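A.B. asks: Top to bottom, those sequences are chains A and B. Residues in the first sequence are numbered from 1 upward in steps of one, following the working numbering. Residues in the second sequence are numbered from 1 upward in steps of one, following the working numbering.
Errors might be hidden in some of the hints.
For chains that are exact copies, the list does not tell them apart, and a pair is met inside one copy or across any two.
[Claimed, not checked] Cross-link-like lysine to any residue pairs, in silico, SDA-like; alpha carbons within 25 Å at most: (1) Lys175 with Asn145; (2) Lys175 with Arg136; (3) Lys147 with Arg136; (4) Lys370 with Asp13; (5) Lys147 with Ala272; (6) Lys175 with Gly164; (7) Lys147 with Phe135; (8) Lys175 with Thr372; (9) Lys175 with Arg208; (10) Lys370 with Arg82; (11) Lys175 with Thr129; (12) Lys175 with Gly139; (13) Lys175 with Asp362; (14) Lys175 with Asp140; (15) Lys175 with Gly132; (16) Lys370 with Arg133; (17) Lys147 with Ala86; (18) Lys147 with Ala284; (19) Lys147 with Pro177; (20) Lys147 with Val107; (21) Lys147 with Leu277; (22) Lys370 with Ser406; (23) Lys147 with Pro56; (24) Lys175 with His18; (25) Lys147 with Phe275; (26) Lys147 with Gly59; (27) Lys147 with Lys175; (28) Lys147 with Gly185.
Note that these hints are calculated values from the structure, not bench results. None of the values given here were measured: they were computed from a predicted structure.
2 protein chains.
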Amino acid sequence: MPQQSPLDVPEGDPFGPHNLPYGVFSTAGEERRRIGVRIGGHVLDAGAAAAALGSPYAGLLGQSSLNPLLAAGRTAWRDVRRALTAWVTDPGHRPAVEPHLLPLDEVALHLPYEVADYVDFYASEHHATNVGRIFRPDGDALTPNWKHLPIGYHGRSGTIVVSGTDVVRPCGQRKAPADPAPVFGPSVKLDIEAEVGFVVGAPSELGRPVALGEFEDHVFGLFLLNDWSARDIQAWEYVPLGPFLGKSFATSVSAWVTPLEALDAARVAPPARDFPLLPYLDDASADRPGGFDLHITVSINGTEVARPPFASMYWTAAQQLAHMTVNGASLRTGDVYGSGTVSGPETGQRGSLLELTWNGRDALELADGKRTFLEDGDTVTLTAWAPGAAGTRVGLGEVTGRIVGSR
Amino acid sequence: MPQQSPLDVPEGDPFGPHNLPYGVFSTAGEERRRIGVRIGGHVLDAGAAAAALGSPYAGLLGQSSLNPLLAAGRTAWRDVRRALTAWVTDPGHRPAVEPHLLPLDEVALHLPYEVADYVDFYASEHHATNVGRIFRPDGDALTPNWKHLPIGYHGRSGTIVVSGTDVVRPCGQRKAPADPAPVFGPSVKLDIEAEVGFVVGAPSELGRPVALGEFEDHVFGLFLLNDWSARDIQAWEYVPLGPFLGKSFATSVSAWVTPLEALDAARVAPPARDFPLLPYLDDASADRPGGFDLHITVSINGTEVARPPFASMYWTAAQQLAHMTVNGASLRTGDVYGSGTVSGPETGQRGSLLELTWNGRDALELADGKRTFLEDGDTVTLTAWAPGAAGTRVGLGEVTGRIVGSR
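Assemble the whole structure, with the sequences as input and the hints as a guide.
C.D. replies: Laid out in structure tokens, this is it:
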């Protein structure tokens with residue numbers, strides 16, 4: 001019986017040849033960073049395979065970051081993906097491809113792109129409503145602008161870290177309403193936000209808005225993102241100019257970027273809109289639906305605590321891109337934007353501990369005890385899948401991080 | 001009579017050898033970007049001069065951006081400045097240096113550093129009080145946190161442009177309180193914010209706060225910054241997550257970075273603090289005062305409209321750096337942060353049209369007519385000087401920009 005090839009991925013594997021997410025890896029034997037493509041439980045050294053096959057994409061794939069491929073634009077993205085699909089599915093390519101496959105557990109994964117700007121949105125109506133009720137109990141849960149524009153703000157791109165990076169508990173100021181003055185110390189309300197991130201490939205010109213229909217020309221792919229949040233720091237600082245130190249200490253992203261093309265079967269219509277939208281945001285007559293049917297799972301130390309449904313997001317990634325540029329702001333290769341916390345209508349669908357515990361009132365039961373907010377040593381993991389063609393599932397690369405104590 | 005050397009800068013010139021700001025330039029004949037040092041009305045091609053003199057700094061100065069010099073750290077900054085000072089003052093160096101001087105009006109100036117993250121603060125008590133009165137007339141002018149921490153937020157680093165770049169009037173949503181729904185169009189309240197920017201040279205480690213006393217180890221220099229602001233877009237969008245599209249279309253910075261060392265004589269104590277500060281912000285026993293006595297002038301189409309005094313800022317740049325990193329957020333070479341609008345206690349010292357015209361109520365009289373907010377074709381210019389040693393003045397490079405109509 002012949003030895004099984006790593007390319008013989010079991011049917012039903014969410015990282016089969018219909019997926020092919022991109023990452024950047026190195027090995028113990030070779031520290032040089034290289035572009036990898038995930039297939040089943042292996043990583044294809046894409047640059048080496050391209051060189052062995054004499055591919056015209058050996059240059060783009062033989063880099064230490066995805067940025068040159070991102071900058072190459074939509075036609076190149078499609079052509080490279082087509083070539084990769086042939087390499088991992090066509091038996092004639094196996095002798096050239098197989099030597100460049102490495103088991104996943106033998107590689108170190110790195111941040112796959114150089115981040116330019118980072119914007120975080122606030123696009124789940126259920127999340128925004130819950131947060132409004134918790135933080136502003138005396139006012140309307142949603143601000144008057146919420147259903148007219150996708151609210152967002154810039155975050156810190158320099159502290160975006162790859163999945164697996166430890167997160168140091170941040171120190172900062174906090175002040176409970178009854179305290180006479182703020183106190184300083186490690187955050188006592190360290191939280192997560194389960195989000196989906198998008199990375200821009202093709203840049204745009206300063207002064208020229210990017211229209212809704214240009215989303216796929218500029219955005220290369222998506223990935224899971226955990227927007228770690230210190231709720232006590234955030235609550236004291238965020239009026240009037242928004243979140244700053246409550247968020248800027250770390251944002252974890254998956255090591256794997258799933259190209260939008262792999263998610264064609266996952267496109268769904270967003271929820272019905274309650275107010276008419278201004279033309280630059282109106283996607284009622286869009287060529288294809290703007291939502292993605294991603295099924296996210298949040299686990300803490302192995303206990304599943306939530307299943308946020310991305311299909312329930314009020315604002316789509318295409319609307320967010322159109323809004324972000326409507327004032328003429330330009331896009332750069334490597335711009336990342338987060339969807340905002342994904343929370344569905346049900347209690348078990350909430351993407352933050354703030355919501356799941358109602359700001360600490362209702363503890364969660366984990367296998368290793370009760371939790372309101374995160375304790376040192378806790379590991380949070382997000383996973384997700386989306387429907388693929390013909391009944392398959394497309395897996396998104398996990399994003400995980402462990403809390404370590406303040407220094 | 002011998003021909004005068006460009007190095008014979010008239011006494012009293014604010015760009016004499018006591019200043020020596022850094023920039024990046026190119027010429028019509030040579031598009032390659034080069035580091036330049038301003039001396040009087042000339043630019044020294046620093047890399048070419050260093051090479052001609054066999055300087056050990058020819059590598060750092062022979063770059064197309066200041067980033068490698070910024071990353072080299074405080075000892076290198078001091079040594080390079082000492083060498084440059086000798087080159088432009090020691091007559092023995094003249095034959096080697098003079099061939100590398102170009103008249104300022106024969107060079108094109110570029111963004112001198114690659115911006116990593118951009119943070120904008122809100123550190124003038126007078127500005128924050130004025131804005132609070134205008135935007136939140138029914139509440140306290142200052143939020144309860146204002147005197148306990150330097151409020152800041154992240155801005156868009158990809159739209160930081162060099163002085164001289166035209167600014168396209170942004171479009172966006174706005175909604176007057178009486179409007180039933182938001183409308184879309186070019187901003188009708190386009191404004192400026194006269195600020196001072198700081199650029200980080202030496203990076204810091206993720207998870208390790210930068211202390212107040214480490215300011216000069218990390219920050220290379222300062223420059224004038226105009227944080228263009230669309231007040232109508234901002235007013236509608238900024239609750240609850242802060243300014244976004246009202247600011248992200250453009251931020252103009254001077255082409256010249258003044259090293260902190262040139263401003264030793266300009267250090268002044270900040271205003272007395274009204275509340276005790278937490279230890280990480282408490283600069284009462286600092287080795288040297290944290291303020292800078294910078295005298296800013298704001299002009300529109302050549303008419304001077306304000307003289308904001310930077311010495312009046314409540315929060316210092318060292319406090320802002322300590323605050324920005326106290327949660328463990330790391331610094332990267334090229335991080336830029338703005339002071340926030342500089343406004344003094346007097347009416348003529350306000351650094352924004354929002355304040356100068358009290359949100360459009362009181363028009364300014366310019367040589368070419370009345371202004372509340374900016375009109376297409378208007379050119380705004382910020383200049384500044386600071387006291388130098390022995391009665392000299394240190395000039396800051398201007399920052400200027402012209403408004404062009406929406407596309």
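A.B. asks: Each hint needs a verdict: does it hold in this structure or not?
C.D. replies: Going through the hints against the structure:
1. Lys175 with Asn145: between (28 Å within a copy, 9 Å between copies)
2. Lys175 with Arg136: both (16 Å within a copy, 22 Å between copies)
3. Lys147 with Arg136: both (18 Å within a copy, 22 Å between copies)
4. Lys370 with Asp13: Neither. Shortest intra-copy (34 Å) and inter-copy (69 Å) distances fail the 25 Å Cα cut-off.
5. Lys147 with Ala272: Result: close within a single copy only, 11 Å intra versus 44 Å inter.
6. Lys175 with Gly164: neither (32 Å within a copy, 44 Å between copies)
7. Lys147 with Phe135: Both, since 19 Å and 22 Å are each at most 25 Å.
8. Lys175 with Thr372: within (19 Å within a copy, 39 Å between copies)
9. Lys175 with Arg208: Close across copies (23 Å), not inside one copy (43 Å); limit 25 Å.
10. Lys370 with Arg82: For Lys370 and Arg82, the Cα distance exceeds 25 Å both inside one copy (48 Å) and across copies (61 Å).
11. Lys175 with Thr129: Intra 23 Å, inter 22 Å, cutoff 25 Å: intra and inter.
12. Lys175 with Gly139: Both ways: Lys175 and Gly139 sit 21 Å apart in one copy and 20 Å across, limit 25 Å.
13. Lys175 with Asp362: Classified as within: same-chain Cα gap 22 Å, cross-chain 39 Å, threshold 25 Å.
14. Lys175 with Asp140: The answer is both: 23 Å in one copy and 18 Å across copies each meet 25 Å.
15. Lys175 with Gly132: The answer is both: 19 Å in one copy and 21 Å across copies each meet 25 Å.
16. Lys370 with Arg133: within (24 Å within a copy, 46 Å between copies)
17. Lys147 with Ala86: neither (44 Å within a copy, 62 Å between copies)
18. Lys147 with Ala284: Close inside one copy (15 Å), not across copies (47 Å); limit 25 Å.
19. Lys147 with Pro177: between (30 Å within a copy, 16 Å between copies)
20. Lys147 with Val107: Answer is neither: 44 Å inside a copy and 49 Å across each miss the 25 Å cutoff.
21. Lys147 with Leu277: within (8 Å within a copy, 40 Å between copies)
22. Lys370 with Ser406: within (21 Å within a copy, 55 Å between copies)
23. Lys147 with Pro56: Intra 46 Å, inter 59 Å, cutoff 25 Å: neither.
24. Lys175 with His18: Answer is neither; intra-copy 50 Å and inter-copy 46 Å both fail.
25. Lys147 with Phe275: within (7 Å within a copy, 40 Å between copies)
26. Lys147 with Gly59: For Lys147 and Gly59, neither the intra-copy (45 Å) nor the inter-copy (54 Å) Cα distance is at most 25 Å.
27. Lys147 with Lys175: between (31 Å within a copy, 13 Å between copies)
28. Lys147 with Gly185: Close across copies (18 Å), not inside one copy (37 Å); limit 25 Å.
Checked against the numbered hints given earlier, the structure breaks hints 4, 6, 10, 17, 20, 23, 24 and 26 and satisfies all the rest.
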